[in-house]
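Participant: Just so you know, the sequences run in chain order R and W. Just so we're aligned: 4 in this note's numbering is position 19 of the first sequence, and the numbers increase by one with no gaps anywhere. Just so we're aligned: 176 in this note's numbering is position 175 of the second sequence, and the numbers increase by one with no gaps anywhere.
Mixed in with the good hints, there may be bad ones.
Said to hold, decoys possible - In silico negatives: residues of chain R with every beta carbon more than 10 angstroms from chain W:
| hint | residue |
| --- | --- |
| 1 | Gln0 |
| 2 | Gln8 |
| 3 | Glu13 |
| 4 | Thr33 |
| 5 | Leu35 |
| 6 | Asn56 |
| 7 | Ala64 |
| 8 | Tyr87 |
| 9 | Lys97 |
| 10 | Ile105 |
| 11 | Ala160 |
| 12 | Arg166 |
To be verified - Derived contacts from chain R toward chain W, CB cut-off under 10 angstroms, selection only:
| hint | residue |
| --- | --- |
| 13 | Glu49 |
| 14 | Ile50 |
| 15 | Asn52 |
| 16 | Pro54 |
| 17 | Gly70 |
| 18 | Pro74 |
| 19 | Asp75 |
| 20 | Glu83 |
| 21 | Leu84 |
| 22 | Gly85 |
| 23 | Ser86 |
| 24 | Leu88 |
| 25 | Lys89 |
| 26 | Ser136 |
| 27 | Asn180 |
| 28 | Lys208 |
In case anyone wonders, no lab produced these hints; they're calculated from the structure. Note that beta-carbon positions come from the ideal geometry of N, C-alpha and C, so glycine has one too.
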Amino acid sequence: MLEVKNLNTYYNNVQILWDVSLQIGEGEIVALLGANGAGKTTLLNSLTGLVRPAAGSVAFLGQEITNLPTNEIVELGIAYLPEGGRLFPDMTVQENLELGSYLKNSWKIRNKRLEEVYSIFPRLKERRKQLAKTLSGGERQMLAMGRCLMSGPKMCFFDELSYGLAPKLVKESFAMLKTLRDHGITIFMIEQNVNQSLEIADRAYVLENGRIALEGTSEELLKSDHVRKAYLGL
Amino acid sequence: MVLLINIILNGLLLGGIYAVTAVGLSLQYGVARILNIAHGEYIMVGAFLTWLVHTKFGVNPLLCLAVAGPAMFILGYLVQTFLFRKLKEKTPTPAEFEGSSMLMAFGILFVIQSIAIFLWGTNIEGYSYLAYSIYLGDIRLSVNRLVILIAALAICLLFYLLLTRTRTGKAIRAASQDPDAAALMGININRMLALCFALGAMMAGFAGMLISLVYQLQTNMGMQYTIIAIIVVVLGGLGSIPGSLIGGFLLGILGAIVNSIEPGLHMAAYYLLFMILLLVKPSGIFGR
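Make the full structure from the sequences, and use the hints.
Facilitator: As structure tokens, this is what we get:
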């Protein structure tokens, strides 16, 4: 579904990503693991055109998307939940969700999607007239996730879904990912929480200093000495 | 009592013009981060177009909205697409762009003004329209001023509804709050910037038409309105559209109070207010 080949990205003349290659198949949950500063967010930004890669190629559903503007990449069916959610703070919960359905085809059926999202997150319905900046951390993350779903995506990129959440909410949001997959959405997620992400992911890539250091199924990685030492502290 | 009511009415009238003048600038700054020093020139051109179409072809000046607005919309769209967008590609950081775009706007100011002087000279022009008064008891109301107030309120209301109720309006607000996140919603940022700049210029065209109904026109009148617009925008909070609307009316009422005491001093009062604001509350009434 998503095929990345030899991606190289610079930021302020410093090379962040070095020859990153990966593939994600339809219906998979794939995690991207790595320490702070390894280049995880830069990778997602490069895939969605927020940052321009210097070399390499990205293909989505067989179509080359490497140099497309962000809005055209999104139009192909990718939704990206950036780090911290990046909600529109001075707009209401409902307006944030509606913007998730901004694309023409989604806009027509936004009310139907709105009901679906509200049935998944009843809390958002209660708060639909509140400004996004007045929400709690957990509610913001729900809203960011709901906003992704409003576009009816084929694939979601999640950057730190567990960011700033209480342990109970982390569990809930990870459980959500499985539900999304059951609805046919392919998931590529960045996580610091290695243990929990390997529990639900089918496969994972480990990014170190901008290079893919390891890849494999979750069971393989859980058994790997390197992962156990470097990321699980065992 | 009569005096007070007159002051309030005059204040609302001035305020209506100021609000229409300022929202355009506010939109351009809020979304495109361009402090459009040339804003008043679009107002001047809007006013002269109204005058021209009215005196040459006898068209009702209110209907000239349909000329001045779209003409300025197109001019704004072209300026954003061919000047500011190219400039932005050459100055990558937002801070650099804020500086260079202001210089660019300065250049545009002189180009528009020179062309206007070439076309229309430097004489004072004007026309009179509905220049008579009606009385409500002791209160004298000049009809053209009432018309301006109603038109200004209608324009502001429609503009507000556009921003809050329509798909495009929501996209504009999203782009002003977080351009990257807006792009992730599928919003074409370059198109949205051009649209915002064009809408801002269109509001300037509307303001020009309103101004031409009661004031005399001169090709050098633009700067004064640019400054008023900047004061209103700072008063309301940079980039806040409701702030600009309310700020416009507040400044109008201040202007009317000062005018009733000493008409020559209203610009001085505006500058004074502006300086006090910068010192006391630079983020404005609705500033974030």
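Participant: Next, verify each hint and record whether it holds.
Facilitator: Status of each hint after checking the structure:
no., hint, verdict
1, Gln0, "holds, 18 angstroms"
2, Gln8, "holds, 23 angstroms"
3, Glu13, "holds, 22 angstroms"
4, Thr33, "violated, 7 angstroms"
5, Leu35, "violated, 6 angstroms"
6, Asn56, "violated, 5 angstroms"
7, Ala64, "violated, 8 angstroms"
8, Tyr87, "violated, 5 angstroms"
9, Lys97, "holds, 16 angstroms"
10, Ile105, "holds, 19 angstroms"
11, Ala160, "holds, 25 angstroms"
12, Arg166, "holds, 21 angstroms"
13, Glu49, "violated, 19 angstroms"
14, Ile50, "violated, 14 angstroms"
15, Asn52, "violated, 15 angstroms"
16, Pro54, "holds, 7 angstroms"
17, Gly70, "holds, 9 angstroms"
18, Pro74, "holds, 6 angstroms"
19, Asp75, "holds, 6 angstroms"
20, Glu83, "holds, 6 angstroms"
21, Leu84, "holds, 5 angstroms"
22, Gly85, "holds, 6 angstroms"
23, Ser86, "holds, 9 angstroms"
24, Leu88, "holds, 4 angstroms"
25, Lys89, "holds, 9 angstroms"
26, Ser136, "holds, 7 angstroms"
27, Asn180, "violated, 29 angstroms"
28, Lys208, "violated, 36 angstroms"
Of the numbered hints stated above, those contradicted by the structure are hints 4, 5, 6, 7, 8, 13, 14, 15, 27, 28, listed in ascending order.
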